[in-house]
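Number of protein chains: 2
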Amino acid sequence: MELKYRSAKSEDLESLVTLLSKDPLGSQREDSTIPLNSAYIAAFEAIERDPNNELLVVELGSSLVGMLQITFIPYLTHKGSWRCLIEGVRIHSDYRGQGFGEKMFEHAISLAKNKGCTIVQLTSDKQRPDAIRFYEKLGFKATHEGFKLTL
Amino acid sequence: MELKYRSAKSEDLESLVTLLSKDPLGSQREDSTIPLNSAYIAAFEAIERDPNNELLVVELGSSLVGMLQITFIPYLTHKGSWRCLIEGVRIHSDYRGQGFGEKMFEHAISLAKNKGCTIVQLTSDKQRPDAIRFYEKLGFKATHEGFKLTL
Chain A
1 MELKYRSAKS EDLESLVTLL SKDPLGSQRE DSTIPLNSAY IAAFEAIERD
51 PNNELLVVEL GSSLVGMLQI TFIPYLTHKG SWRCLIEGVR IHSDYRGQGF
101 GEKMFEHAIS LAKNKGCTIV QLTSDKQRPD AIRFYEKLGF KATHEGFKLT
151 L
Chain B
152 MELKYRSAKS EDLESLVTLL SKDPLGSQRE DSTIPLNSAY IAAFEAIERD
202 PNNELLVVEL GSSLVGMLQI TFIPYLTHKG SWRCLIEGVR IHSDYRGQGF
252 GEKMFEHAIS LAKNKGCTIV QLTSDKQRPD AIRFYEKLGF KATHEGFKLT
302 L
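These protein sequence lines are chains A and B, in that order. If you're matching positions, the first sequence starts at 1 in my numbering and goes up one per residue. If you're matching positions, the second sequence starts at 152 in my numbering and goes up one per residue.
Next comes chain A alone, as it looks inside the complex (with noise of 0.2 Å):
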């Protein structure tokens, strides 16, 4: 079977809560009660209502397998160029170790790049050692602190 490549739909929003819920960080964060916490479907409609973000989930089948966000930001520096930043990167846990993720990588940074985008850029929580492991072995360097303020 291939990997299909699709924005998310209103439809998809109570699996892609859950598969937020279930990852170690997620858990203590996010609220998967059913029906939604309505602060799910209002950001979900502003992402939809927004050309610069995507929410993009990959499919096997009809089985979810995994869900990045992608934001492009147009920017002054580096000359005047358009950027891709990427969030909410997650792959259910019944599709790891199978290359899923890569592929899912690959593919975004295919948007990327038809976009425009001279940069992809993203954050990873320094409590994720895997996932740290996974983006510099996709060729992305820790040149940067990731800074957060929570208010």
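Calculated directly from the structure, the hints in this document are not laboratory data.
Calculated cross-link-like contacts (lysine-lysine; reagent style DSBU-like; alpha-carbon spacing at most 35 Å):
1. B:K277 <-> A:K137
2. A:K141 <-> B:K254
3. B:K299 <-> A:K4
Since the structure of chain A is already known, use the hints to place chain B on it.
Okay, now just chain B, sitting in the frame of chain A:
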């Protein structure tokens, strides 16, 4: 004199590119020739068109003190939330060491709160120890690795 905060206008563009070019890292990657490289103009227009991007300039009287770019991003993660990403932060060399950077950030953080953001995030090049200390002093936590992939 009071600091003034406003969105960048097309008339600011030459000064902003000059400010980006005078930075140690920027000098290696920006193009400060006048007339401006058209890529800067295209990037500025894309930022201006996007309601989720804001190029902020800070002035003292009629002098440019600093700049930064804000991107507001809706995410499913953290229970469906808006996040504020900050990039391209510069204070003019004539105005350093006077607390203007802190004030510019206070203003940016107030914009993030008005938008309902729960997290402000940014990445800082590990080659900029002064910037890293500055963000730590503001309360930012370097919990993440900041990865970049050049396309």
